[in-house]
Amino acid sequence: MTTLKIILTGLVLFSMSLALHAKEIRTIETDEADVEVRIFPADGNVLLLGFPCDEGKSIAEEKTANSLANDGIEVWMPDLLSGFMLPKVRSSLVEISTDTLTAIIEEASKTGKQVFLIASGPDTELILRAASQWEADGNKLLSGAILMFPRLFKEEPVPGKVPEYIDAVGETKLPIMLLEGGRTPNRWGLKTLSEALQKSGSKVTSKVIPKVRGYFFKRQDANRSEDVVTSQMAGLIKVSIFYLEGKNIHD
Amino acid sequence: MIKRLLVTVILISMSGILQAANLKAVDGKVAAPSLVLQDLQGKQHDLKDYKGKVVLVQFWATYCAPCRKEMPSMNKMIKAMGDVPFKILAVDMGETKEEVEQFVSEVKPKFTVLMDEDGKSIADWRVFAAPSNFIIDPQGNIRYTLFGGVEWDSAELIEKLKAVGQI
Numbered sequence: 014m015t016t017l018k019i020i021l022t023g024l025v026l027f028s029m030s031l032a033l034h035a036k037e038i039r040t041i042e043t044d045e046a047d048v049e050v051r052i053f054p055a056d057g058n059v060l061l062l063g064f065p066c067d068e069g070k071s072i073a074e075e076k077t078a079n080s081l082a083n084d085g086i087e088v089w090m091p092d093l094l095s096g097f098m099l100p101k102v103r104s105s106l107v108e109i110s111t112d113t114l115t116a117i118i119e120e121a122s123k124t125g126k127q128v129f130l131i132a133s134g135p136d137t138e139l140i141l142r143a144a145s146q147w148e149a150d151g152n153k154l155l156s157g158a159i160l161m162f163p164r165l166f167k168e169e170p171v172p173g174k175v176p177e178y179i180d181a182v183g184e185t186k187l188p189i190m191l192l193e194g195g196r197t198p199n200r201w202g203l204k205t206l207s208e209a210l211q212k213s214g215s216k217v218t219s220k221v222i223p224k225v226r227g228y229f230f231k232r233q234d235a236n237r238s239e240d241v242v243t244s245q246m247a248g249l250i251k252v253s254i255f256y257l258e259g260k261n262i263h264d
Numbered sequence: 002m003i004k005r006l007l008v009t010v011i012l013i014s015m016s017g018i019l020q021a022a023n024l025k026a027v028d029g030k031v032a033a034p035s036l037v038l039q040d041l042q043g044k045q046h047d048l049k050d051y052k053g054k055v056v057l058v059q060f061w062a063t064y065c066a067p068c069r070k071e072m073p074s075m076n077k078m079i080k081a082m083g084d085v086p087f088k089i090l091a092v093d094m095g096e097t098k099e100e101v102e103q104f105v106s107e108v109k110p111k112f113t114v115l116m117d118e119d120g121k122s123i124a125d126w127r128v129f130a131a132p133s134n135f136i137i138d139p140q141g142n143i144r145y146t147l148f149g150g151v152e153w154d155s156a157e158l159i160e161k162l163k164a165v166g167q168i
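Protein chains in written order, with my numbering: chain L, 14 to 264; chain E, 2 to 168.
Just so you know, the hints here were simulated from the structure itself, not pulled from any lab data. Wrong hints could be hidden among the right ones.
Per the computed footprint, the stretches of chain E lying under chain L, defined by three or more beta-carbons under 8 Å from a beta-carbon of chain L, are [stated by the list, open to error]:
#, region
1, 76-85
2, 130-139
Lysine-lysine pairs mimicking DSS-like chemistry, simulated, CA-CA at most 30 Å apart [stated by the list, open to error]:
#, chain 1, residue 1, chain 2, residue 2
3, L, K204, E, K77
4, L, K153, E, K54
5, L, K212, E, K49
6, L, K204, E, K54
7, E, K77, E, K88
8, E, K121, L, K212
9, L, K167, E, K25
10, L, K224, E, K49
11, L, K224, E, K98
12, E, K49, L, K231
13, L, K204, E, K49
14, L, K167, E, K70
Glycine residues also receive a C-beta, built at the ideal position from the N, C-alpha and C atoms.
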């Protein structure tokens, strides 16, 4: 029994040391804010740049980032809210300057890896805003973006009317993967959102993840399906990157 | 002077209530799209068959917390509508019969629940969120829409819906 305890403790400490080794903190200085970026380094040629607006508290995202890094995908997670000293509320998003976002993309691009962007919920607005500015500045098109349960309505949707989306929708050519939960009304808006995103020439693919609600990996009341999908989120992201790479190859 | 103040206060508080209900009037005559779906017992319902009644068409889902919360008030509104011919058609958004039946056994709606497993009517009616509500007049036109959960048996809402039935 004691031996088993020692082995288990050893395993836990070993896995913790692996996790600690994996993460680096780097500060990117921009004109408007110094942004701390959690970096999960990897040797592969893919870099996933995420914009989680959660004041650095993204537990599920960190586990996923570790898993992706172990599979050769480098992950960068800038802590934008802390950088701009903003509260964790939706209205904070407009306070995050586009120049800072593109400055972080520029740093990521300097690695020479293929850069993919990822965000969830209303934070997906940051991706679209940053990507369109990046392209308008004459930079090379990034490799793609993953928008998890995007919440991009300009206002509350009026029943019977096609919703209006925020201005950043339909402004980028970036290949986009939309991931939406099967147990959210937003899944019924995927076609309309895809069409709006395609207006600027973006190739958009959408997938519905069955039996999960939006924000499934942030939920306190997650059900079994949501726990399972959260534990397999790295795989979901890898498949999405695979799809997006395909969009680039065939162009 | 006091009278004027009181009237102003009453008007402001009334406008607040109406705003809270968030009923959006539809401009002009907009005919309701087709709605032909089966209920949980397999009986087919066609919205056209309810001409002559005020109809609340609601799109909802079991995972939608505001939908669950407002359903008891929808039960009460049936009685509150009194003599006005009235029908509720609550369209579930793309779930399985098993999921909906479990919900129904807990919440016990006294109105018609329709199934739309492939989401066709959701597209036809341009629904992007839940709960999404449409108030249909006795001639089959959409008179109001409403997004979000409300207390359906509130006096203000009932008064508006009764007025729809009197046109």
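Okay, the hints, checked on the actual structure:
1. Counting residues of the region 76-85 of chain E whose CB lies closer than 8 Å to any CB of chain L gives 0, so the stated coverage by that chain is violated, three being the minimum.
2. Only residues whose beta carbon comes within less than 8 Å of a beta carbon in chain L count, and the region 130-139 of chain E has 5; three or more means the coverage holds.
3. A threshold of 30 Å between alpha carbons decides the hint, and for K204 of chain L with K77 of chain E the separation of about 36 Å lies outside it, so the pair is violated.
4. Distance restraint check for K153 of chain L and K54 of chain E: the Cα-Cα separation of roughly 60 Å exceeds the 30 Å cut-off, and the hinted pair is therefore not satisfied.
5. Pair hint K212 of chain L plus K49 of chain E does not hold up; C-alpha atoms about 37 Å apart against a cutoff of 30 Å.
6. A hinted pair counts as satisfied when its Cα atoms are at most 30 Å apart, and K204 of chain L with K54 of chain E does not qualify at roughly 33 Å.
7. For the given pair, K77 of chain E sits about 13 Å from K88 of chain E by alpha-carbon distance, which is consistent with the 30 Å threshold.
8. Under the criterion of a C-alpha separation no larger than 30 Å, the hint pairing K121 of chain E with K212 of chain L is consistent with the structure, at around 25 Å.
9. At most 30 Å may separate the alpha-carbon atoms for a hinted pair to count; K167 of chain L and K25 of chain E meet this at roughly 17 Å.
10. Proximity of K224 of chain L to K49 of chain E is assessed by CA-CA distance (about 34 Å); at most 30 Å being required, the pair is judged violated.
11. Proposed proximity of K224 of chain L and K98 of chain E is supported: the alpha carbons are some 15 Å apart, at most 30 Å.
12. Our distance criterion of 30 Å between C-alpha atoms is broken by K49 of chain E and K231 of chain L, whose separation comes to about 44 Å.
13. Proximity of K204 of chain L to K49 of chain E is assessed by CA-CA distance (about 28 Å); at most 30 Å being required, the pair is judged to hold.
14. Straight-line distance between C-alpha atoms of K167 of chain L and K70 of chain E comes to about 26 Å, which keeps the hinted pair within the 30 Å bound.
Of the numbered hints listed earlier, those contradicted by the structure are 1, 3, 4, 5, 6, 10 and 12.
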